[in-house]
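Student: Sequence:
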Amino acid sequence: MSRVVLERFPAGSPRGSWPAEEYAAQRMREGVPAEVVMDLASDAFLVVVRQREARSGH
Numbered sequence: 006m007s008r009v010v011l012e013r014f015p016a017g018s019p020r021g022s023w024p025a026e027e028y029a030a031q032r033m034r035e036g037v038p039a040e041v042v043m044d045l046a047s048d049a050f051l052v053v054v055r056q057r058e059a060r061s062g063h
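Residue numbering for the sequence shown follows my numbering, beginning at 6 and increasing consecutively.
Read the hints as simulated data drawn from the structure, not as lab findings.
Beta carbons are placed, not taken as given, at the ideal position from N, Cα and C, and that holds for glycine.
Where hints are given, some of them may not hold.
To be verified - Across the chosen pairs, the derived CB separations fall in these ranges:
1. Arg57 / Pro19: 31 to 41 Å
2. Arg57 / Gly21: 33 to 43 Å
3. Arg57 / Gly17: 26 to 36 Å
4. Ala16 / Val54: 15 to 25 Å
5. Arg20 / Arg57: 30 to 40 Å
6. Gln56 / Arg20: 27 to 37 Å
Start from the sequences, fold in the hints, and give me the full structure.
Tutor: If you want it as structure tokens, here you go:
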């Protein structure tokens, strides 16, 4: 499986602010199976959608 990044948000949001979670929730209401993951290398929250990779030769 691979992931497609829909949006990225810096980890330093103001206390009590959850922009990545809010964005993912909005996508979920639209029927997009979005989830939030942390990218430690860039210190950012990513909103992603998992996609199955097509198998070749079948």
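Student: So, for every hint listed, does it hold in this structure?
Tutor: Status of each hint after checking the structure:
no.: 1; hint: Arg57 / Pro19: 31 to 41 Å; in the structure: holds, 37 Å
no.: 2; hint: Arg57 / Gly21: 33 to 43 Å; in the structure: holds, 36 Å
no.: 3; hint: Arg57 / Gly17: 26 to 36 Å; in the structure: holds, 33 Å
no.: 4; hint: Ala16 / Val54: 15 to 25 Å; in the structure: holds, 20 Å
no.: 5; hint: Arg20 / Arg57: 30 to 40 Å; in the structure: holds, 38 Å
no.: 6; hint: Gln56 / Arg20: 27 to 37 Å; in the structure: holds, 34 Å
In summary, this structure violates none of the numbered hints.
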